[in-house]
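Keeping their order, the protein sequence lines are chains C and X.
Heads up: the first sequence begins at 5 in this note's numbering, then just goes up one per residue.
Heads up: the second sequence begins at 5 in this note's numbering, then just goes up one per residue.
Calculated directly from the structure, the hints in this document are not laboratory data.
Be a bit skeptical, because a hint or two may be false.
One copy or two, it doesn't matter: identical chains are merged, so the pair holds either way.
[As the list claims (entries may be wrong)] As a list, the in silico DSSO-like pairs of lysine-lysine whose alpha-carbon atoms are at most 30 Å apart:
id, residue 1, residue 2
1, K127, K165
2, K63, K380
3, K164, K35
4, K218, K449
Protein chains: 2
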Amino acid sequence: MIINDTITALATVPGISGIAVIRMSGDDAVKIVSNCFRGSAPLMEAERNTIHFGKIYSKNYLMDSVLVSVFRNPHSYTGEDTIEISCHGGNTTYSLIIDELISQGARQAEPGEFTKRAFINGKLDLLQAEAVSDMIHSVSVSGSIISARQLHSGISTKIKKFRQILLDACSLVELDSDFSDEDIEIINRKDLKEKAEEVLNFCTSLIESFNSAKIFRSGFYVAIAGFPNSGKSTLFNSLLGRNRAIVSQTPGTTRDYLEESILVSGVAVKLFDTAGLRETEDAIEIEGINFSHSVLSQANIIFVLNDISISEEHSDSLYKKIQEDYLAQKVYLIQNKVDRLPSLPEINKNAYISAKYGEGLPDLFNIIRTEIEKNKANINDILINERHLILLKGAAEAIRRAISELDYLSPNEIIAIELHDAARYFGEMTGQAWNEEVLNNIFSKFCIGK
Amino acid sequence: MIINDTITALATVPGISGIAVIRMSGDDAVKIVSNCFRGSAPLMEAERNTIHFGKIYSKNYLMDSVLVSVFRNPHSYTGEDTIEISCHGGNTTYSLIIDELISQGARQAEPGEFTKRAFINGKLDLLQAEAVSDMIHSVSVSGSIISARQLHSGISTKIKKFRQILLDACSLVELDSDFSDEDIEIINRKDLKEKAEEVLNFCTSLIESFNSAKIFRSGFYVAIAGFPNSGKSTLFNSLLGRNRAIVSQTPGTTRDYLEESILVSGVAVKLFDTAGLRETEDAIEIEGINFSHSVLSQANIIFVLNDISISEEHSDSLYKKIQEDYLAQKVYLIQNKVDRLPSLPEINKNAYISAKYGEGLPDLFNIIRTEIEKNKANINDILINERHLILLKGAAEAIRRAISELDYLSPNEIIAIELHDAARYFGEMTGQAWNEEVLNNIFSKFCIGK
Numbered sequence: 005m006i007i008n009d010t011i012t013a014l015a016t017v018p019g020i021s022g023i024a025v026i027r028m029s030g031d032d033a034v035k036i037v038s039n040c041f042r043g044s045a046p047l048m049e050a051e052r053n054t055i056h057f058g059k060i061y062s063k064n065y066l067m068d069s070v071l072v073s074v075f076r077n078p079h080s081y082t083g084e085d086t087i088e089i090s091c092h093g094g095n096t097t098y099s100l101i102i103d104e105l106i107s108q109g110a111r112q113a114e115p116g117e118f119t120k121r122a123f124i125n126g127k128l129d130l131l132q133a134e135a136v137s138d139m140i141h142s143v144s145v146s147g148s149i150i151s152a153r154q155l156h157s158g159i160s161t162k163i164k165k166f167r168q169i170l171l172d173a174c175s176l177v178e179l180d181s182d183f184s185d186e187d188i189e190i191i192n193r194k195d196l197k198e199k200a201e202e203v204l205n206f207c208t209s210l211i212e213s214f215n216s217a218k219i220f221r222s223g224f225y226v227a228i229a230g231f232p233n234s235g236k237s238t239l240f241n242s243l244l245g246r247n248r249a250i251v252s253q254t255p256g257t258t259r260d261y262l263e264e265s266i267l268v269s270g271v272a273v274k275l276f277d278t279a280g281l282r283e284t285e286d287a288i289e290i291e292g293i294n295f296s297h298s299v300l301s302q303a304n305i306i307f308v309l310n311d312i313s314i315s316e317e318h319s320d321s322l323y324k325k326i327q328e329d330y331l332a333q334k335v336y337l338i339q340n341k342v343d344r345l346p347s348l349p350e351i352n353k354n355a356y357i358s359a360k361y362g363e364g365l366p367d368l369f370n371i372i373r374t375e376i377e378k379n380k381a382n383i384n385d386i387l388i389n390e391r392h393l394i395l396l397k398g399a400a401e402a403i404r405r406a407i408s409e410l411d412y413l414s415p416n417e418i419i420a421i422e423l424h425d426a427a428r429y430f431g432e433m434t435g436q437a438w439n440e441e442v443l444n445n446i447f448s449k450f451c452i453g454k
Numbered sequence: 005m006i007i008n009d010t011i012t013a014l015a016t017v018p019g020i021s022g023i024a025v026i027r028m029s030g031d032d033a034v035k036i037v038s039n040c041f042r043g044s045a046p047l048m049e050a051e052r053n054t055i056h057f058g059k060i061y062s063k064n065y066l067m068d069s070v071l072v073s074v075f076r077n078p079h080s081y082t083g084e085d086t087i088e089i090s091c092h093g094g095n096t097t098y099s100l101i102i103d104e105l106i107s108q109g110a111r112q113a114e115p116g117e118f119t120k121r122a123f124i125n126g127k128l129d130l131l132q133a134e135a136v137s138d139m140i141h142s143v144s145v146s147g148s149i150i151s152a153r154q155l156h157s158g159i160s161t162k163i164k165k166f167r168q169i170l171l172d173a174c175s176l177v178e179l180d181s182d183f184s185d186e187d188i189e190i191i192n193r194k195d196l197k198e199k200a201e202e203v204l205n206f207c208t209s210l211i212e213s214f215n216s217a218k219i220f221r222s223g224f225y226v227a228i229a230g231f232p233n234s235g236k237s238t239l240f241n242s243l244l245g246r247n248r249a250i251v252s253q254t255p256g257t258t259r260d261y262l263e264e265s266i267l268v269s270g271v272a273v274k275l276f277d278t279a280g281l282r283e284t285e286d287a288i289e290i291e292g293i294n295f296s297h298s299v300l301s302q303a304n305i306i307f308v309l310n311d312i313s314i315s316e317e318h319s320d321s322l323y324k325k326i327q328e329d330y331l332a333q334k335v336y337l338i339q340n341k342v343d344r345l346p347s348l349p350e351i352n353k354n355a356y357i358s359a360k361y362g363e364g365l366p367d368l369f370n371i372i373r374t375e376i377e378k379n380k381a382n383i384n385d386i387l388i389n390e391r392h393l394i395l396l397k398g399a400a401e402a403i404r405r406a407i408s409e410l411d412y413l414s415p416n417e418i419i420a421i422e423l424h425d426a427a428r429y430f431g432e433m434t435g436q437a438w439n440e441e442v443l444n445n446i447f448s449k450f451c452i453g454k
């Protein structure tokens, strides 16, 4: 597999900003940039980790004044010769420069291709590579800090340690088999079982943190549902602290669902305003209501808003139905429009609010905060993703089988097979065991330019 | 004015990307980063234009692995000690690092503050500084390339040359006054008038390019208007080449206006789908129609869409009204839904299209392309902005007055006053003459981090 052709991509977000950075990696990185760069000294002789000011030309047209950073193999992120061009931000300049680099022989990088090369060149293991992606996609302070630690290899060390324990145990079991005719017991089956249980506990605690990890990866989703005109858009605006949704007294005003983010306890909370749920013949409204259901199914919390000025029980049937339909979600009935009541009811078992006048909103924020903190407590040193979950479940199953074979006093060969299997799953986590398909799968989820 | 306190800001667009760059400038830039950076060698001794790999900590928490670029006064963009921290992209990491830099003594930079310092330290003149902002905000390839040239000082040289011509002429005129009693004619009034006319021509040609420049700055705006159900959203989707707007047979489906960009002739063309224009009692629809009018007033081209299946003249009154109301816009009547006709009318004076089946769309693209090319032909070496326009108009007025004084054989003193006035306007363009208010005005329009 030849991987040292020269790739290039924008490494920053396109848009209005001071600078944009274009990254290149591969054998010809320095040569290709040299062809279109004019600075005070030739780039080809530039020492590693140095920065050079100059101009980028395309067919004698000046494209931009830039800074070029030179990194030399193996002292770079990818382990290859690497160039970073820092040009002016905006939506056009970077693309003109990338076009020129491609016309000089570079190739547009695929998503995650720089990090994939870093992995293949031994600069990062797979868990570290995934931590890079996690940091970038993190929507929470905690998620970002956990990923930084993971990138710094804390968790890889642990996984590698447990893998080694499994492999050592395998060796002993296999050695024991060799001496089985001679009545020499090399392994203590009780010790072996304890070790297996230790690894199993490690697996299950990581598996349990998966749902919480999701929140730190993608954010915490709060959906506002209810009958038309129960005040959903008003509540949405109040929670955001600004007028985002058109509010009107006409039922069915909101059609496309709206989505905005706020930060609670260092976690990005995505608020969703949905179309009012009702039986309707209006085709546009039906489309909106279908959207609502898809939003609710992804939510962590659903606030079902009731218009208490109609009656306190007005939305009970809807509340019950949503509870039944969305079992994985925490569903709360919220009594809205208390400002329209002469006085508040005595029993305050649910949140009683006035979305319009901002009363009772702290209750809702408390509900959100409590749920987030519950999840924070579950988080380990690693943010489990779907790939890890599948591998950990596989490892846990194999270890459970090994333990039950130990209990049944099965022959060593059988136990060794299970332990090997578990070790293989661990190896796939860190990338000590990998194949092209696994890699492609992982890196295709990266953003371009990383 | 002390300006060497240390400022910091994100210099890239926040969001999902490989890297983000934080910029710092000021006397303490290196010291502040040193306090939270751990690399293989101390930053304080780092040579200029070198890059250092290491980790950023905040209160012993690892924030990220980063690359730190060190620039030393005066060899930096601002002319001060400058640091650029290249960290992982995303929405949280950069802000954690900036928080730490601020807690170590840096200050959040104001918009354009880095470039303002570059100007004050003589690294750029004002036209170049504005070209930096123009490059960043450019929505067109041509705009970006013109700005790159302007940054490279082409236009500044020209303006400075003409300013010098004016100042030289002033000196001669004043010298001539001193010798006026002695009947020595130092200046040839005919030559002087020719020179003044040359400068005036330069001014007026730049002034004329203002409207065209606008297109290269902000893009070319195309609005689709028409009665409800004339097929506006369908045309919007067809021109975009994807389904962006909800299309339905119900009149009044589109409420909020929609805006999307496509690239035509290297210029960003913003397409606007607007709410159908009709008399209505519906409050939400009225809000939508008010939006429509504000969109139309900003458009370069308005396509008035007519449903030819009703009748070819059905929208004539609306077309006429829009032509009368929007005098600055090019208004085109487009006959839509030709697919519903048994056969096309014979005279094809306007574009006859089927938005639904994509027929006739090339005609519309041709209309857009022709308008853009007309504007391209008007563009000079400089993209005039509002500030330049005012200064150039001032200069042109002063020169015109000088010329008419010359024609009236007015005394030298009067002519000198006008020429001085014109030179002052030119000086304000390049920043050879400036004051704090002018600077603040210019740089406040920059993005943060530049």
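Here is how each hint holds up against the structure:
Taking the closest pair of Cα atoms, K127 and K165 come within 30 Å of each other only inside a single copy of the chain (19 Å); across copies the shortest separation is 55 Å, beyond that limit. For the identical chains of this complex, K63 and K380 are inter-copy neighbours only, at 20 Å across copies versus 55 Å inside a copy, given an alpha-carbon limit of 30 Å. For the identical chains of this complex, K164 and K35 are neighbours neither inside a copy (40 Å) nor across copies (38 Å), given an alpha-carbon limit of 30 Å. With identical chains, the CA atoms of K218 and K449 are at most 30 Å apart within one copy only, with a shortest distance of 16 Å there and 39 Å across copies.
Checked against the numbered hints given earlier, the structure breaks only hint 3 and satisfies all the rest.
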